[in-house]
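Using the sequences plus the hints, can you model the full thing?
Residue-level listing of the chains:
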Amino acid sequence: MTRSNATSRPGSRYVVSLLGERHDVEVRSDGTVLIDGRPARASLASTNSAQSAGRERVQGIGDGYSLLLDGASFALRAHGGRGGAWHLELDGRCVSAEVLDPRAHRIRRLSAKAGADSKVAPLRAPMPGLVVQVAVDEGQEVEAGDTVLIVEAMKMENELRAPAAARVKRLLAAPGDAVEKGQLLVEFAEAGEA
Amino acid sequence: MTRSNATSRPGSRYVVSLLGERHDVEVRSDGTVLIDGRPARASLASTNSAQSAGRERVQGIGDGYSLLLDGASFALRAHGGRGGAWHLELDGRCVSAEVLDPRAHRIRRLSAKAGADSKVAPLRAPMPGLVVQVAVDEGQEVEAGDTVLIVEAMKMENELRAPAAARVKRLLAAPGDAVEKGQLLVEFAEAGEA
Amino acid sequence: MIKSVLVANRGEIALRVIRGARELGIRSIAVFSEPDRRAPHVLHADEAYPIGPARAADSYLNIDRLLDVARRAGAHAVHPGYGFLAERADFADAVTAAGIVFVGPAAETIRAMGDKTEARRRMEAAGVPVVPGTSEPLASAREASGVANEVGFPVVLKAAAGGGGKGMRVVRRPEEVPGGFNAAMREAEAAFGDGRVYVERFLDRPRHIEVQLFGDSHGNIVHLYERECSIQRRHQKLIEEAPSALLGEEERHSMGAAAVRAARAVSYVGAGTVEFLYQDGEFFFLEMNTRLQVEHPVTEMVTGVDLVEWQFRVASGQALPMRQHEIPLEGHAIECRITSESPFDGFLPATGVVGELEIPGGPGVRWDGGIARGTEVGLHYDPLLGKLIAHGAGREAAVRRMKGALRELTVGGVSTSAPLLSLIMDEPDFRAGRISTRYLEEHPELFRAEVPAATRRALVAAAALLEHRAGPGRASPRIRRAATPLSRWARVGTATDSPRPNGR
Amino acid sequence: MIKSVLVANRGEIALRVIRGARELGIRSIAVFSEPDRRAPHVLHADEAYPIGPARAADSYLNIDRLLDVARRAGAHAVHPGYGFLAERADFADAVTAAGIVFVGPAAETIRAMGDKTEARRRMEAAGVPVVPGTSEPLASAREASGVANEVGFPVVLKAAAGGGGKGMRVVRRPEEVPGGFNAAMREAEAAFGDGRVYVERFLDRPRHIEVQLFGDSHGNIVHLYERECSIQRRHQKLIEEAPSALLGEEERHSMGAAAVRAARAVSYVGAGTVEFLYQDGEFFFLEMNTRLQVEHPVTEMVTGVDLVEWQFRVASGQALPMRQHEIPLEGHAIECRITSESPFDGFLPATGVVGELEIPGGPGVRWDGGIARGTEVGLHYDPLLGKLIAHGAGREAAVRRMKGALRELTVGGVSTSAPLLSLIMDEPDFRAGRISTRYLEEHPELFRAEVPAATRRALVAAAALLEHRAGPGRASPRIRRAATPLSRWARVGTATDSPRPNGR
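Protein chains in written order, with this note's numbering: chain A, 1012 to 1205; chain B, 1012 to 1205; chain C, 356 to 859; chain D, 356 to 859.
It is possible that part of the hints are untrue.
What the hints assert, rightly or not - Stretch by stretch, here's where chain D covers chain C in the computed footprint (C-beta under 8 Å, at least three residues): (1) 579-585; (2) 720-730.
What the hints assert, rightly or not - A few chain D residues facing chain B, derived, Cβ under 7 Å: (3) Ile455; (4) Val456; (5) Glu542; (6) Ile682; (7) Ala773; (8) Ser777; (9) Ala813; (10) Ala817; (11) Leu820; (12) Glu822.
In case anyone wonders, no lab produced these hints; they're calculated from the structure. All residues carry an ideal CB built from backbone N, CA and C; glycine is no exception.
Structure, rendered in structure tokens:
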């Protein structure tokens, strides 16, 4: 049942960061895992044709897996990112996890502290669409929740609002512009800032 | 609509052998095909994710295609073999076709004549299974339809019968043998032959 | 009976109509825009013809081109589905003028009911209760402000030509009227080419209950009971049921009778729906949709009637196959709209290519879909990917069945409404039938649902096992780049994610 | 109500039972053999546990192991599905002895009905008509010959412990009796571990009609009308319908009454089926199946009853939810078994990996499947991949709906019965309900169906266009190797392919 997990490396340890919490996991060669010290029998099997049949390969959208954890059955999808990142989907919930060995986890935590940032996040297009209206001017002060731009997509107007009290530093879109998903639309400075 | 067919080669000609008949087809660059001299507007589009999305690849089981022929819609699956062979599935019918240019077709026809063969085809296992009974001995004469072997598969006994009147030349299976699909079980000589 | 039909639509409804035609031996003729060349409705129709580029105005809304295909393919009839040209009287006129049967009511009926103010006038005359408001389009934002003050806030500004929530704005304070009026006008202009707007009193916590109607050319009109469509986002229905969760037998009767009265007032022929707003025992005429509705399957599940079959029969001049008292009402049906949206990210439209597609099965489960593996979901058209329908002996059984079906449904490659729908099936107010059109705003907890402990534990185990499988090196300190977040993978349940149930 | 259930089965029936449990809030516990680790029933159950290697005797038939899992997982009940241990009295005994509820009738009932000769004896006593033949197992081929001569040819040799066509041989001439007896005995021994065989008169063109029964522990017994299962190959059902195509109201009543009499004779509790052979207005008891049948969905579609739900209710000690006169019979339902076989190649078992999988949808269409993309179809278990069910207002409507659904169904990677089923839906005798258990042998034309001209033309065009796309060189004379025929791609319609409808 747990053949796929029973490699020659006994008791590999990982730090799993998920939904803002840290979990210590040990994957043992006997088909059990220790999650925050609590043991469970675990079996993970791919449900994609790729791995089971060796004939097909599905990419990009995440592979299907069946996890049995002390018998409880979970059908999930997983997509691996860089640096121990895993994007998981289970019961319709999409959750990102970071899996590192304990040493890598310590290093990453230290470097993360240095990069803390308090600026107001810029507005990006949440979907491809057409800018219908720009409700602010450069230099204007806005309150959290004020409408900044209206983007039309799928025939619906979507109002994009200021994420926090701020000053409009730079406007990068005008009415009639077709914008791509993620495209930078408005940059903010902190309220009062030059 | 017919972009995929409109290549720079105008009016390529093919000989299509299918279900025992020969058809002359000309694929034109204007999106039409001439089938045995009769023209039709044709559009062939892949319906697999592979070609439409460039992200996936499904192999071995045949790719899906949509054919529009003078508007009539056909959803088919196709699997390419060697030497102009195409295995097609449409409305649940599986049909093999051979597509050659006119010159290749003439050459193949000539060589086929030389290899004509009148021997009684050997019995092969039509599916993986277990040989339950061998009803004949080497050297024995059999009539067409006589039971030669019984192979059990999926808990059912399947009687394999002589394809024609013949003499059992060689027995290659015994009761209790597990056999693979296509495995040679019995060779025949023509009735009376040594 | 009609011999052939051109289906002037795409997606799940085109496939639904093609299936209905096939079962009656009617030759089905599909049309497709360039990106739809490989769509299921093209593959499953008897014939299919191209009608232009992606933009709807150049393809599915292009009347000349549709009629040209209809003539060339020898179409005996045209079925408009819903949306696109379904409620365009000029299309019905053009089809009829070309000597082709229009599967739907007469152009005059569409015209009368399509004009909201005209519809109000007619319904008032027929004794059908209507919501207080203007019966004439408003000339200006100024006039809108005046009327709004008269009717009393909140008010709703609506496109006279509209439907489906487009060109619609709720305004709660006097100072918001001008902005709302302009937005409604702009959307109406873009969506319908008609920017006229009118105003009505806005009911605060109404339920949206509608009655399915059917008329034939012999003067028979029946109703097929009601549907409750209160669970909406952005005025777009998300979950529909038949019958309504809480309507009593007497209310059912009087609402059905009012709907039939409304249909008689316009000599209705074909499938139609009268939408009501229901609040505190009162119901008001909202609008009449002169076509098949998206949510028609729930009615089919509880009555056993095939509404598309009836459409074809009526369009062929046949009388309705049943009289009012012969129409059964059995069990309870629920429909969930599976749309390409990110419900936990303000219902933003989602795009992608459909990868894995697993359709639930078993007793009482129906799937009306318009997608297949490899379908590209773009922004050109409606985000409806398919509809999941569950029928059970009662509402509780139907809800439980739907919950299981949603759990089995897999649509890979694109975000859908399914996870939110799953949570709603478990939510106590929904379970008890305590719903209104404000259901989603009143349940923000749905958008910040905690991940249960067992699920979290499974996710942690899965992540560790996946990394373990991927082999040594991956989790080592040399790889420094932080995880790149994918848009679909929200950091569910963290404090930074504020719920945006209505996208604003 | 039962709190949890171990489903001692696999494939579509395991999934069907898991769905039923889920809807009642019953925790479902799946079991799986090694090759089934990734099977849908494992994915969709609440829990799943391994029970051994592929060989059924070592896994799904391993009573000790199943009970061990049931105990460890705290299973409150065990549901056996059909096949495997469903009709093994010793399993029912062992489950009950372990203090676990067996979802099925009492072990005594299974034992009595499982022994064909004992069943015959009891039915004769209860006044249910039986086919002339022996009521005792035969001691030898010699004795078989004697009885066969008495009863008159043709006769059928049957395993006393059998079911589902295993260990069954029809013998038409005296000299074939010894061979048939030995083969039946061998198969019976292999399949059931019990080689006893008996003999009966063989009806030449009977219809197979069966009645669905339900009993509860309070002494109530009802029937849920009949199913017609005449279309068979190798004595295995291929197409089932409810109600029977031609049974009159009076015959329906008397057959139902006889079935209830049969059930009363053994104080039946749970779901069961009495199978009859019907010929020229007479019907004879064939056997009683003390379990849910493969074809139970057609009964569910016409009655609206969820038979698995009833099984759980009855096993929990509840009374049947309906009395006889309350059970509706509405419309007509057809089920097609989608099996991994090559119907045009003597129904040889087919293997492979399920690739593309497109499940039909829309009104009145149900899919009960046990496969997903990537499922490996091997030879260890039953070839049933799934069941396609269509319901319509009448038989004609159901057949037309099924035809469309079969056209939409795609199962890539493995040969299935679907293309043959498609042809049957169009065949005039089937359409008219002129069917018997010899239907397939009497319609050899189904196995050499000509390809229609339009289809042939499309195939020719597609082949040329594909080759054209593949680019120059492919069709050139340098490539000399002849086309390698793939097993699935028969040379349909050529003279060299003789039809082998029964594989022998």
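Violated hints, by number in ascending order, as checked against the structure:
Those not satisfied are hints 1, 3, 4, 6.
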